[in-house]
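Peer 1: Make a model of the complete structure from these sequences and hints.
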Amino acid sequence: MLISRRTFLKAGALAGAACAVPAAFDFASFVRGAAEAPVTRIPSTCNGCSTNCALWALVKNGRLWKLEGVPRAMKNEGKLCARAYGVAADVYNPDRVTRPMKRTGDNQFSPISWEQAFKEIADKLTKIIDKDTASTVAWLTHGGKETYAQMLLDEIGSANYITHYSTCFTSKTNAWDKMAGAQLTSDIDRARYMLFCGRNYAGGIMPGAMRKIMRAKDRGAKIVVVDPRLCELAKVADEWLPIRPGTDLAFFLGIAHTLVSEKLYDEKFVREYVFGFEEFWNANRHFTAEKAAELCDIPAAKIREIARELAKNAPAAFLEPGYHGLHNHYASSTRIAQANVIVNALLGNFYKHGGLMPAASPKFGKLTLPKRLQPEKGPRADGAGVGNEYPTVETGRGIAQHMPDLIAAGKVKALFVYHFNPLRTAPDPEYQKRMVKADLVVSIPVSWNETSVYAAHYILPEHYYLERMDAPKSTGGNIAYDYPQAVMRFPALKPLHDTRHLLDILKGIAQEMKIDDLYPFTVEEEAAAMLRPLGATLETMRESGCLEMPEAVKPGFPMKDGKPALGTTTGKVEFTVGAFKLHGRMGVPVWTPPLVSPKGDNEFRLIHGKQPWHSHSVTSNSPYLMAVTKSYNGSRMWMNRGRADKLGIRDGDEATVEARIEYKGETRTVSKRVAVKVTEMLHPECVWVPSGYGNFSPRQTVGYQQGVNYNDFAPARVEPLSGGCMVQEVIVTVRKGG
Amino acid sequence: MAHYAMLIDAARCTGCAACRVACQLQWQLPPEVFFNRLEFREHGQYPDVRQEIVPVQCMHCDNPPCATVCPTKATYKRADGLVLIDHDKCIGCKYCVVACPYDVRQVNDRGIPEKCRFCAGFIEKGEQPPCASTCMNDVRVFGDLDDPNSAISKKMKTVQVYQLAAEKGTKPRVFYVKRGG
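Just so you know, the sequences run in chain order A and B.
To convert, note that position 407 of the first sequence is 407 in our numbering; the numbers rise steadily by one, no gaps.
To convert, note that position 18 of the second sequence is 18 in our numbering; the numbers rise steadily by one, no gaps.
Careful: at least some of the hints might be erroneous.
As the list claims (entries may be wrong) - Here are the computed lysine-lysine pairs in the PhoX-like style, where the Cα-Cα straight-line distance is at most 25 Å: (1) A:Lys-554 - A:Lys-630; (2) B:Lys-154 - A:Lys-217; (3) B:Lys-157 - B:Lys-171; (4) A:Lys-581 - A:Lys-599; (5) A:Lys-312 - A:Lys-554; (6) A:Lys-672 - A:Lys-433; (7) A:Lys-217 - B:Lys-155; (8) A:Lys-222 - B:Lys-171; (9) A:Lys-473 - A:Lys-494; (10) B:Lys-168 - B:Lys-73; (11) B:Lys-94 - A:Lys-630; (12) A:Lys-291 - A:Lys-263; (13) A:Lys-124 - A:Lys-433; (14) B:Lys-89 - A:Lys-217; (15) A:Lys-736 - A:Lys-124; (16) A:Lys-312 - A:Lys-268; (17) A:Lys-127 - A:Lys-102; (18) B:Lys-168 - A:Lys-217; (19) A:Lys-437 - A:Lys-119; (20) A:Lys-102 - A:Lys-131; (21) A:Lys-222 - B:Lys-178.
Said to hold, decoys possible - If you anchor each label on the Cβ, the simulated ranges turn out as follows: (22) B:Val-54 - A:Glu-120: 51 to 59 Å; (23) A:Asp-601 - B:Glu-127: 55 to 63 Å; (24) A:Ala-675 - B:Tyr-162: 31 to 39 Å.
FYI, nobody ran anything at the bench for these hints, they're computed from the structure.
All values reported here derive from a predicted model rather than from experimental measurement.
No residue lacks a Cβ here, since even glycine has one placed at the ideal position from N, Cα and C.
Peer 2: Below you can see the structure in the form of structure tokens.
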């Protein structure tokens, strides 16, 4: 979408705005117009990624003009990244879905009315529930946004609320919950030493975290980044250590070994607050820094040096708990998460300033709703938490990537996909396309994403984020901040198209299912009820853009009756996880090699990561952000120069990338062409692709077939402990040309 | 009279391009027309390699060659240091594009070679250019060099600075923080 000055002013004139728009204008008159047009500022939260940066939408003549960050908001401290601007401008993207659609053939859709869509979906859903039970109804979502869907699932008796987290970071949340009973966050503001492995706050941007990191750097804290690629964060770090991809666990165990064998660890903390230390140490006492160095390509002396520096600065030192970058990639990802907990606990930094602190969260109120009779829920279709399937996978998150198998097995008949595009963001899109075979697939998107085009029977477009009000959210998590904050979306623009709010979509379906009173409230009423105990109203929220409560987080290990009181069985940090011991497995992490490794001159491990101007698949159809990509050849696949020389590949050359996908007895070869960026900034054993490219929806004209996506080459596997999809356990062959 | 300038600390830049897109919204530019460019460079060999990212834009030179060569005086310099373009006077000859040593002019859909405006019309009201205010790493400081209390004046006193292509004698108003080593 092009918002040229000309169309911008024309739109203002059509809106009948007070300011006079000259028929022929020049720069000076534009500036005058800009100065004279009344500007309204409406608070919202960015939808460019999951960080929820608080922003002001500045609107002139009913049209979005620009954005400003809300200074008080801890996640962004008044700053916004390129994605925020690009995604906001996409409200005018012509590739949005403008009204409800019904599939009429391959990639063919016809518009239908909301009333007809509600009636047909409700009829089909009712039949499926009556015939096959509600346990065959699933809601597949990015997650963390909607309680309304859970209300519908509760009402009909389905347990299948499934989030995208298994394609992201479930190994982290799973391990931390089981070992520490909580997710702790790094206290960057007060740290003296920070070790970042597989977490790149300047690429997978969280502006507030970057500000804290740069302030820490300015006051002399040391920053070490361990990453096979010289990522954006490594660029401003004190040290970059290019680790062999797939060996983070060896590196962490080497650090732990040094801390224990050199008696640098916090013995008092371990004695008082740790359970299972001996079991961990007995299993790893021979895994020295030297042993780790052989595997991970970082010299033993460097591993020991880092361990010593961490210990010297402890407890104001941490190993960042990480995110997708550390926790979704390998067969060992859950063990990596476990080792992460252990390294931090050995530093004694739990609940210490400068170490790891809990997130502050406001205590929202809620609406008082009539109590409803709810049927018993059947077992989860995805196997999460189910005894003989994936018993240790968190039921609150589920497993997203094997949905076509569940459909083929008759476990899922009706599927809703909300704010999520598994055909592009989960492994193996050709396999994911089989979702269309369910009896009913409803996609609730804003754009013609791949899931809508190839899998949905009905597409019910939601209001764009700038067009809708969403209930208040806590911003706590990922980085430490002692003051609970709440942010909220207010509608900044009138809906441009025939779209609806999710709550109204579900109300429509529920009413047609004769569940008239399931949602007896509006978003305004819900938001007001949530804010009430905080002493705030919609009006105060609208004026402030970000609500901050008094300090709620203080250092100090949680204790009850003089005993450690974490949310674990022993109340302590548990180095061994009983639940993980099923099927003869270990409760503690021990070195686990990657499933697959590259061998020949033309074989590479395929790894991926975020680029600062794109996130997931939602940004790659943005004209502004794709223009940045084009300026900097951003969709190229990175390859180490030494390796490229051997293959005769020069910077900018086209190459063919191939992988064999083997999944449940099925074997296919995937072959894609991509331009190569030849660089010194990458470990030689891997090629790196930025995530968020390779879109294949022909109705998304900007992002269509730009670059490749790591998911193209990965089978839809399920890592048994946490449900992750092991998307860097992929070996590709690369050759020059076609 | 104010004397506007910008100080850029390239060592802090992580290349996110927020400056570019924030500016595009401020001025309602189409996606292909942008006033902020990043220069990405690698130095050294794996694994002893480092990356340099240098933001480049119109330097608002005290001695602007684009204005000197302009046959219609469409490009002109204001007393406060801003080099601006009068769109009505521009005949689209693109002489300025060739004359600029920094390669920062972009031809818009009307054939006018556009460039950074130092947010004329906004800064008089005390606003910061969005390229500076949106930067999460505080790469840019914009302000009035004649005001000893401005953030830029204070910062300029604490660092050594250099200018791009200073040998051309253009006297840029965009300064870069010089790093040791």
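Peer 1: Tell me the hint numbers this structure goes against, listed in increasing order.
Peer 2: When the structure is compared with the hints, numbers 1, 4, 8, 14, 15, 18 turn out to be violated.
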